[in-house]
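Undergrad: Those protein sequence lines, which keep their order, are chains A and B.
When the letters of the first sequence are read in order and numbered with our numbering, they come out as residues 1 to 565.
When the letters of the second sequence are read in order and numbered with our numbering, they come out as residues 566 to 723.
I should point out that these hints are in silico values taken from the structure, not numbers from a laboratory.
Among the clues, some could well be false.
To be verified - Looking from chain B toward chain A, a few residues come up when the C-beta cut is under 8 Å (computed):
#, residue
1, 596
2, 612
3, 655
4, 662
5, 667
Claimed, not checked - Quick look at which bits of chain A chain B covers, simulated, 3 or more residues with Cβ under 8 Å:
#, region
6, 27-34
7, 40-47
Unchecked claim - So the derived label-pair ranges between C-beta atoms look like this:
#, chain 1, residue 1, chain 2, residue 2, range
8, B, 611, A, 128, 17 to 27 Å
9, B, 698, A, 151, 37 to 47 Å
10, A, 20, B, 682, 37 to 47 Å
11, B, 683, A, 145, 52 to 62 Å
12, A, 47, B, 611, 24 to 34 Å
13, B, 683, A, 148, 42 to 52 Å
Ideal placement from N, C-alpha and C gives every residue a C-beta, glycine not left out.
Take a look at the letters that make up each chain.
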Amino acid sequence: MIEFRKELFANERNDNLNEIGKPTRRQDILGHVTGRSPYFDDHLFDGLLHIRCVRSPHHHARIRRIDVAEAQAMPGVVRVLVGRDVPRNLNTLLSLLDFGIDDEPLLAETKVAYKGEPVAAVIAESEAKALAAVARVRVDWDVRPHVLDVEEAIKPGAPVVCEVYPTNKFIYHGKYDHQKLRFGDVEAAFASADHIVEGRYQMSPIEQAPIETCGAIAAPEINDRYVCYTSTQALFFSLGTAAKVLTVPSNRLHFVGGTVGGGFGGKVDSVHEPIAILGAMLTGRPCKFAWDREEEMQVGAPRGAERWYIKDGVARDGRILARKFTGYFDSGAYTRLSSYAIIKGVGHLPGPYTIPNVHADVYCVYTNRTPATAMRGFGITGVDFAIEAHMDKVAEAVGMNPIDLRILNAYRDGDMKAHRREAKNTALIECCQVVAEKAGIALQPGSRAASSLRDGGGERGRLPPRTALDQHGTVTGIDTGGYARKGGSAGATSKPTTAPAFQMPTSAGAGRAPSRPAAPASSTPSSQPAAPPSPPPPPGAPAAKTDRPRQGAMRFSSISGLRRR
Amino acid sequence: MAKIPVVFIHNGSERASFADPGQNLLEFLRRGVGDLSPKYGCGQGTCGACTVLIDGETHLACLTLAESVAGRRVDTAAGLATGATLHALQEAFMGCFAAQCGYCTPGMLISAKALLDRNSAPSREDVVEAISGNVCRCTGYEPIIEAVLTAARGRARS
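Just chain A, same shape as in the assembly (with noise of 0.2 Å):
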């Protein structure tokens, strides 16, 4: 049963809609209880050629050699890829939004850098066959030392899991090897707490587990164009990195999905229609690449896992004066989405509290792990976890109820958060209030009495009079790519075999910033500007790469930050 507190949501709520609040048949589900609904592979072609990969069994090792002579001759083996088949065997999912570099090959050639990662496809005529002839692919491994813990990957000296990130961390917007937020000063305000609580989380990684394990089936179509069925959650996300990978144009690729069994975030990589419609061009026969269950699991990217330090600066009255945090997400061998992740989490910061000073480096780690991507909430469920676990220590800590102690930190509308946005149909306080009802547990009250639609707003809405910033973690020299950017210098390369050379200082960075467009303005002359500052180059860095020729304004995008159109 659902209560709606129309007092909380009057203004954002028609009452004339037609739909919610009211029973509805999902549109689909005929198909679903007749089993006509047609998932990718509901679609049966004659002649169907089945797709089986050859996966490292180590979580980091160079390749001298692979030699498929031997499964090439089994009966019934059409033809085995490897990664010098894929036109252009490099990419990073998000480049499709100009953000990163292309950092993964389809099919391993030189090294591989997680426990299950591809390095050659055998197609045959049936899956049985396909995977005697897996199992006849001969590689020369040379195996390297491999790291599986992020802050473990980020010391000096640990293994490079990915070469285009020689730190092992994904570069921000080609300035910082992390996501920084700041707001206030947290250093002078601990100074001032009473109580100073610290904590450490760690979750897990978590596989969404579709009951329909990923795959597309590929065929040849009229006309030299191709037909993929897939299970894909982003269809034409797919088909951007099938045309980039495959190098054709999008309009000789025919995506059909949409009927997904199950995808909770994890149907987005874009793996399977490419290897797919590959082997479909090079064997001009329909072909069919899925993952079994244990693929599935073992080598389907999951819900990265996290780690967070926060550290809280508490008055004796339970206030939170000031939050601190530090996180690292472990994005695996390859960057997919975590990079993004870390962006949507950061805005989150600190939770849904008003915390007048906050503070948080976050840091996307490479390690040997398998590469990381959406699920559900991706990039907000770990620290979630981590700030409320940490609310019941700060409610241990000053001797308070914990729901007590959140109704007193809770963001209220009007209040200013973090990320430099008003917060707005704030509920929490309600939501607080319920939950002690219907537990039983009896608040203070003042919690009992609060309001998310009182006492927010005015000295709650304003920005900290001065906000501390710093330049830790500035990397210079680096050029982030540029596959979507018209006159790009990554999308000209069919085959890009060189990792681009940057430095990292390893103090502050120092020296004079260049000229730089303004940040979007803030309303409030006194007050800080809406972004951090950007970090200048030291003096003497090249400029040419981040200052050649761009056309169009420039815009904000909180992925790719200041950019021309």
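Since the structure of chain A is already known, use the hints to place chain B on it.
TA: Relative to chain A, chain B alone:
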């Protein structure tokens, strides 16, 4: 190796098709017979998406040798409706919002049918037990349980 002819009753009609040696019933039904309603989820007998009835008993098609159904009756979700008339379970699943992605639904329906065929007035515990071998990763178990109970009540009335 020679293909194996398999003659069996598929959703009430006699069918003859060829199985590959060692082929499981799931692949045989889907690729050989063209009945796509049983689904592959694990191939290990753990998810229940391929549940079918063999002579009225639930079986996991992925763990059943295709040729073993020769001369027997195999019922799948594709055969639940009678012409354009849906089975009471199908109606109840639609009415109770008992499917999200729908991938586990054919197997759920078959497990539920097996229950209702032997017990026309199941308790909630009976329903939970009957679908305990069917995994729904969308975790929509409550509407599914409600749908099976609704179908049982509807049939008891009619």
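Undergrad: Hints first: check each against the structure and report whether it holds.
TA: So, going through the hints one by one against the coordinates:
1. The interface hint given for residue 596 of chain B is met, as the beta carbon of that residue sits about 7 Å from the closest beta carbon of chain A, less than 8 Å.
2. The interface hint given for residue 612 of chain B holds, since its Cβ lies 6 Å from the closest Cβ of chain A, which is under the 8 Å cut-off.
3. Annotation: interface hint on residue 655 of chain B holds; nearest CB of chain A at approximately 4 Å, less than 8 Å.
4. Contact between residue 662 of chain B and chain A, as hinted, is supported at the beta carbon level, the nearest pair being about 7 Å apart and thus within 8 Å.
5. For residue 667 of chain B, the suggested interface contact is upheld, since its CB lies about 3 Å from the closest CB of chain A, less than 8 Å.
6. Residues of the region 27-34 of chain A lying with their CB closer than 8 Å to a CB of chain B number 7, which satisfies the three-residue condition for coverage.
7. Under a criterion of three residues with beta carbons nearer than 8 Å to beta carbons of chain B, the stated coverage of the region 40-47 of chain A is upheld, 3 such residues being counted.
8. At roughly 21 Å, the beta-carbon separation of residue 611 of chain B and residue 128 of chain A lies within the given 17 to 27 Å, and the hint holds.
9. The supplied range of 37 to 47 Å is met by residue 698 of chain B and residue 151 of chain A, whose beta-carbon atoms lie about 42 Å from each other.
10. Judged by the Cβ atoms, the range 37 to 47 Å given for residue 20 of chain A and residue 682 of chain B holds: they are separated by roughly 38 Å.
11. Evaluation of the 52 to 62 Å hint for residue 683 of chain B and residue 145 of chain A yields a pass: the beta carbon distance comes to about 59 Å.
12. A beta carbon spacing of about 31 Å between residue 47 of chain A and residue 611 of chain B agrees with the range 24 to 34 Å that was offered as a hint.
13. Distance hint check: the CB atoms of residue 683 of chain B and residue 148 of chain A are about 51 Å apart, consistent with the given range 42 to 52 Å.
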